[in-house]
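S.K.: Chains as they are written, first to last, in the working numbering: chain A, 136 to 307; chain B, 95 to 346.
Just to be clear, a hint being listed does not mean it is correct.
[Unchecked claim] These stretches of chain B come out as covered by chain A in the derived footprint (C-beta under 8 Å, 3 or more residues): (1) 140 to 151; (2) 299 to 305.
[What the hints assert, rightly or not] Far from chain B by the CB rule (all over 12 Å, computed), these chain A residues: (3) L193; (4) Q211; (5) D238; (6) Y250; (7) Q272.
Keep in mind the hints are simulated off the structure, nothing from the lab. Glycine included, each C-beta is placed from N, C-alpha and C at the ideal position.
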Amino acid sequence: MTAIKNSILLLGSILLLASYMGCEKDDICLADIPATPSLVLGFFDIDNPEVLKDPGNLSIRPVGIDTLLFARGIIQLDLRTDQEFTEFEFILNEGNSETENTDRIQIHYDREDVYINRACGYRARFQLGTTSVVITQDENNWIKDFIRIEPNIDFIQPGTNEETTIHLGLLH
Amino acid sequence: MKKPLYIWACCISLWTAVLWGQEPPEVVADSLPSAVISPPAAPMALRFGVDLYHLVRSQVDDDFSGFEVVADLKVYKDLYAAIELGVEDRTLQSEQINFSSSGSYQKIGINYNMYENWEGMNNQVYVGLRFANSVHEQKVNNYILYKNNPLWPDVPVENGFAATTYPNLNAQWLEFMAGMQVQLFKNIYLGFSLRLTRILSQKVPENFSNLNIPGFNKVTDENIFGLAYNYTLTYRIPFRFFQRKNKKESTP
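Taking the hints into account, I'd like the entire structure generated from these sequences.
M.R.: Rendered as structure tokens:
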């Protein structure tokens with residue numbers, strides 16, 4: 136009868152293992168894994184392009200979303216991944232009918248998606264070309280020009296000194 | 095994974111019932127003590143069949159299609175040489191990525207039967223070892239990019255970028271298995287096996303990963319162990335010419 140006993144034991148352990156099969160461990164994407172990076176934008180003096188110059192009362196409207204962002208200093212903007220460019224409206228003195236000035240800017244970029252792991256999937260990284268920024272000309276542009284400071288928009292390697300690399304500068 | 099689990103859970107109960115239903119044949123005592131002839135050794139036999147799990151799941155699951163043939167050949171007393179060949183095309187959603195793995199796999203190895211059969215029966219409870227190889231490709235169908243607090247709504251990437259086919263991949267692994275074969279009718283057997291698998295080597299796609307390998311199933315990031323199984327229906331062809339002649343004779 137040991138043969139029957141052995142087979143029951145085997146069957147039992149097989150079924151135990153089989154029930155384990157049904158449980159799949161949930162993969163967790165840890166928070167410290169770098170995600171898709173944002174564009175970091177700074178405002179500089181047109182006469183002195185290495186000096187940061189705060190534009191003042193600045194609001195940003197991403198074209199395509201009904202939202203108004205209020206920004207100061209160095210700005211981080213998310214780029215669109217469903218198309219190859221993103222448009223923003225940079226609005227000075229929003230709400231003030233006399234001094235309000237809106238400039239529309241298109242930012243073009245190349246994109247590459249990089250595999251992280253099973254839990255996180257893919258993240259993107261971008262690259263700015265030399266003619267990546269198009270400033271829509273209207274009768275009164277407050278943003279005069281742009282400078283491409285860092286073409287590679289990628290996650291910050293741990294260990295580098297800079298906390299935030301500025302990719303793009305808008306001169307006014 | 096509910097439907098297929100239910101199907102073969104039912105089948106296991108059926109097959110366990112069959113195993114219990116087996117009865118030894120009646121032994122008739124011979125009044126003449128002189129004739130003592132031991133029964134002939136079981137003839138060499140080739141068994142071949144199909145895996146029912148692949149067959150059934152291909153019908154019920156749109157994201158799965160595949161076929162597996164199995165065969166084993168008795169080479170010695172309780173030792174069988176075994177082989178499984180299969181093709182598989184499986185589509186899976188893994189977190190943010192929807193992808194398809196397709197390809198073929200080949201497994202070769204030995205089974206060792208631990209079950210003592212009653213006379214005239216040929217059931218098996220065995221342990222076995224396999225060496226397996228797969229040739230496959232991965233295809234990323236669509237995925238959502240990993241973003242922290244995005245400004246724009248998540249739109250799945252479907253064309254271009256990483257949503258492409260990663261061909262010419264392969265993997266090799268070992269399988270440690272336990273299984274059973276139950277004789278249903280004269281030459282028809284029902285079998286089941288469970289395998290602990292361990293990857294030896296694999297060709298990893300560039301900018302993706304072998305998240306699933308045909309024949310191996312799910313591959314985890316940190317662990318190289320996996321679990322596989324099959325559920326078979328086989329037919330035995332006896333080879334008469336391999337039958338060992340009985341030399342023992344009665345002494346008058």
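S.K.: Confirm or reject each hint.
M.R.: Quick rundown of the hints versus the structure:
1. 140 to 151: violated (count 0)
2. 299 to 305: With 4 residues close enough to chain A, the hint holds.
3. L193: holds, 16 Å
4. Q211: It is violated; A:Q211 is separated from chain B by about 10 Å at its closest Cβ, not greater than 12 Å.
5. D238: holds, 19 Å
6. Y250: violated, 5 Å
7. Q272: About 26 Å separates A:Q272 from the closest Cβ of chain B, which puts it past 12 Å; holds.
Hint violations for this structure: numbers 1, 4 and 6, all remaining hints satisfied.
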